[in-house]
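Participant: Keeping their order, the protein sequence lines are chains R and C.
FYI, numbering that gives the first Met the number 0 numbers position 11 of the first sequence as 10, with every residue one higher than the one before it.
FYI, numbering that gives the first Met the number 0 numbers position 184 of the second sequence as 183, with every residue one higher than the one before it.
Since the hints were made in silico from the structure, they are not lab data.
Keep in mind that a hint or two might mislead.
As the list claims (entries may be wrong) - Pair ranges (Cβ atoms, derived): (1) R:165 - C:335: 21 to 29 Å; (2) R:46 - C:145: 53 to 61 Å; (3) C:145 - R:95: 49 to 57 Å; (4) C:201 - R:67: 43 to 51 Å; (5) R:26 - C:272: 40 to 48 Å; (6) C:63 - R:109: 51 to 59 Å; (7) R:96 - C:189: 54 to 62 Å; (8) C:197 - R:154: 20 to 28 Å; (9) R:48 - C:330: 34 to 42 Å; (10) R:27 - C:81: 52 to 60 Å; (11) C:133 - R:46: 24 to 32 Å.
What the hints assert, rightly or not - With a cut-off of at most 30 Å between alpha-carbon atoms, the simulated DSBU-like pairs for lysine-lysine come out as follows: (12) R:129 - C:86; (13) C:155 - C:38; (14) C:86 - C:253; (15) C:300 - C:281; (16) C:38 - R:52; (17) C:281 - C:86; (18) C:334 - R:129; (19) C:300 - C:155; (20) C:60 - C:38; (21) C:86 - C:60; (22) R:129 - C:60; (23) R:129 - R:52.
Claimed, not checked - Chain C side only, calculated, beta carbon under 8 Å to chain R, not exhaustive: (24) 4; (25) 30; (26) 31; (27) 49; (28) 62; (29) 100; (30) 104; (31) 231; (32) 236; (33) 294; (34) 311; (35) 332.
Only a predicted model underlies this, so the values are computations on that prediction, with no experimental measurement involved.
Built from N, CA and C at the ideal position, the CB exists for glycine as well.
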Amino acid sequence: MNSMPKHGPNNGAAQAIPITLTINGEVRRLTVEPWTSLLDLLRDGLDLTGTKKGCDHGQCGACTVLIDDRRVNSCLTLAVMKDGASITTIEGLADDDALHPMQDAFIEHDAFQCGYCTAGQICSAVGLMKEGRAHSSAEIRELMSGNLCRCGCYVNIVAAIEQVLGQDDSGIKEAAE
Amino acid sequence: MNRFSYARPTDVAEAVREVGSDPTARFIAGGTNLIDLMKYNVERPNRLVDITRLPLTSIDKADGGGLRIGALVPNADLAYDPAVVEKYPLLADAILAGASPQLRNMASTGGNLLQRTRCLYFYDTGTPCNKREPGSGCSAIGGVNRIHAILGTSDKCIATHPSDMCVALAALDAKVHVVGPAGERTIPMADFHRLPGDQPERDTNLGPQELIVAVELPDEDFSRNYSYLKLRDRLSYAFALVSVAAALRVDGGKVSQARIALGGVAHKPWRDTSAEDLLVGKPAEGAVFRMAADHILRDAKGFGHNDFKIDLARRAIVRALSQAAAGTPQTQTDKRIQ
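Sequences are here, hints too, so could you generate the full structure?
Facilitator: Set out below in structure tokens:
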């Protein structure tokens, strides 16, 4: 059947566009083609390969980063649209050599096997903390459902997040089950 | 993904002009559906008009007491907005039943209305699809059609509309405010999406250059007896096989007002006001709800793999109405049905 529709005229589309992003606290003046996803910019343009490309279609969460402190799928984000925004990736969570508490908790609870989804899981969990809407393990599970783990480490992921939320001021109630 | 040019207007009139500059141009806001479709070469715009800098980001009291939701309000912000949670919890629940936290942080109110079908043939450019390429045929009829429609189908298309939010908006009688080259107009939710008929390539009655600027909820309170019940292949982060938005007003055990809309079963949120009329004045109980469900599904038709949806929808309608009547809405956290 039809397979690839025809290319339309480009209208000078190959124009790269200057943008400014603050990435992990550092102001970066960049030039991007409009079709570059934030994920591809991070990995291929800036060598920040901690953020992973899983499905590239918003179905797995491996590419999760924080934009202005909100967790999003960087694979479905055009970099050019985020001009002026502040991006935090897994590389930006640690405070110098001190890991973020969520990173420590993932290690302590053995919350990964192959590790491919882990950067996305941790960034998503940090986003979850900032949202402040998870108050039970059931709510953690539901509000982490955007991050798949093919190794099936969910039980330990929930335990790690629960521990960090429990240390937080917001506290956490026992799961109402 | 194809190459495209990019514009970032800062006011609505400029955005409408920009999108008129090229027939393939598209508005982009959250991008969660459009960029995905572009990666599959289903959408190939020559120009993207980024509307995220337009002043359409607030939730305000509407003239007449309802709520006016700016088109750029993210799904997450809408679901957790205190006014929505208090007065329109059916909408909040429907939004939280959909997608993932990341996607809800990104996706906009207007974009949710304009989601395209998740029919696998629509996404697969190697197969015929009348919605993607008019006149090429429908691969789902006679194909793998477990997720497809049972109501309002045509011999051209049996795709479903994927939104949860829109099912609640239909039940709540929302209105869609749009702006185009000819000015502003308002489209009732019931008339916003279309049935496939002979033109399945048209999902909505929005004009080619029209921009959704707001969604308005009327000043009606269904915050006591409501439920959004979504049934799917896993408990979270999956599209509905069948969903039901049910809202009732019950006086002395009898239904005084009823709203029922279904998702996952048709090319648009399926609302049948004749079934709602049937409920009025009758006891809020199972036998009455079963009668309403049978009425809604009187013309339902399966296509093989999706035959199960007819009985699933019947049971879901009864369950959702029962939950609404009891004032025990389906929880969107632990979704096991008690």
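Participant: Against each hint, give a clear statement of whether it holds in the structure.
Facilitator: Results for each hint:
The hinted range of 21 to 29 Å is satisfied by residue 165 (chain R) and residue 335 (chain C), whose Cβ atoms lie roughly 25 Å apart. As the Cβ distance of residue 46 (chain R) to residue 145 (chain C) is approximately 43 Å, the hint placing it in 53 to 61 Å is violated. With their beta carbons about 52 Å apart, residue 145 (chain C) and residue 95 (chain R) fall inside the hinted range of 49 to 57 Å. Range check, residue 201 (chain C) to residue 67 (chain R): about 36 Å between beta-carbon atoms, so the 43 to 51 Å window is missed.
About 56 Å separates the C-beta atoms of residue 26 (chain R) and residue 272 (chain C), a value inconsistent with the hinted range of 40 to 48 Å. For the hinted restraint 51 to 59 Å between residue 63 (chain C) and residue 109 (chain R), the CB-CB distance of approximately 57 Å keeps it satisfied. Taking 54 to 62 Å as the suggested C-beta distance range, the pair residue 96 (chain R) and residue 189 (chain C) conforms, at roughly 59 Å. For the hinted restraint 20 to 28 Å between residue 197 (chain C) and residue 154 (chain R), the CB-CB distance of approximately 52 Å leaves it violated.
Separated by about 39 Å at the C-beta atoms, residue 48 (chain R) and residue 330 (chain C) satisfy the suggested range of 34 to 42 Å. Distance hint for residue 27 (chain R) and residue 81 (chain C): a CB-CB separation of about 37 Å, inconsistent with the stated range 52 to 60 Å. A beta carbon spacing of about 45 Å between residue 133 (chain C) and residue 46 (chain R) contradicts the range 24 to 32 Å that was offered as a hint. Distance restraint check for residue 129 (chain R) and residue 86 (chain C): the Cα-Cα separation of roughly 26 Å lies within the 30 Å cut-off, and the hinted pair is therefore satisfied.
For a cut-off of 30 Å, the pair hint linking residue 155 (chain C) to residue 38 (chain C) stands: about 25 Å separates their Cα positions. With a CA separation close to 22 Å, the supplied pair residue 86 (chain C) and residue 253 (chain C) stays within the 30 Å bound. Under the criterion of a C-alpha separation no larger than 30 Å, the hint pairing residue 300 (chain C) with residue 281 (chain C) is consistent with the structure, at around 28 Å. A threshold of 30 Å between alpha carbons decides the hint, and for residue 38 (chain C) with residue 52 (chain R) the separation of about 14 Å falls inside it, so the pair holds.
Under the criterion of a C-alpha separation no larger than 30 Å, the hint pairing residue 281 (chain C) with residue 86 (chain C) is consistent with the structure, at around 25 Å. Distance check on the hinted pair: residue 334 (chain C) and residue 129 (chain R) sit about 24 Å apart at the alpha-carbon level, within 30 Å; holds. At most 30 Å may separate the alpha-carbon atoms for a hinted pair to count; residue 300 (chain C) and residue 155 (chain C) meet this at roughly 15 Å. Our distance criterion of 30 Å between C-alpha atoms is broken by residue 60 (chain C) and residue 38 (chain C), whose separation comes to about 38 Å.
Taking the CA atoms of residue 86 (chain C) and residue 60 (chain C), the gap is near 12 Å; set against the 30 Å cutoff, the hint holds. Only pairs whose Cα atoms come within 30 Å are accepted, and residue 129 (chain R) paired with residue 60 (chain C) is accepted, the gap being roughly 28 Å. Using a Cα cut-off of 30 Å, the hinted pair residue 129 (chain R) and residue 52 (chain R) holds, with the two alpha carbons roughly 24 Å apart. Here the hint on residue 4 (chain C) is kept, as its CB sits about 4 Å from the closest CB of chain R, short of 8 Å.
Interface hint at residue 30 (chain C): satisfied, since its Cβ lies 6 Å from the closest Cβ of chain R, which is below the 8 Å cut-off. Among the interface hints, the one on residue 31 (chain C) holds; its C-beta lies about 5 Å from the nearest C-beta in chain R, closer than the 8 Å criterion. Using the Cβ-Cβ criterion of 8 Å, the hint placing residue 49 (chain C) at the interface with chain R is satisfied: the shortest such distance is roughly 5 Å. For residue 62 (chain C), the suggested interface contact is broken, since its CB lies about 31 Å from the closest CB of chain R, more than 8 Å.
Interface hint status for residue 100 (chain C): upheld, as the beta-carbon distance to the closest one in chain R is roughly 5 Å, under 8 Å. The criterion of a C-beta within 8 Å of any C-beta in chain R is met by residue 104 (chain C), whose closest approach is roughly 5 Å, and the hint holds. The closest approach between the C-beta of residue 231 (chain C) and any C-beta of chain R is roughly 12 Å, which is over the 8 Å cut-off, so the hint fails. The closest approach between the C-beta of residue 236 (chain C) and any C-beta of chain R is roughly 4 Å, which is under the 8 Å cut-off, so the hint is satisfied.
Using the Cβ-Cβ criterion of 8 Å, the hint placing residue 294 (chain C) at the interface with chain R is not satisfied: the shortest such distance is roughly 34 Å. At about 22 Å, the closest approach between the beta carbon of residue 311 (chain C) and any beta carbon in chain R exceeds 8 Å, and the interface hint on this residue is violated. The interface hint given for residue 332 (chain C) holds, since its Cβ lies 5 Å from the closest Cβ of chain R, which is under the 8 Å cut-off.
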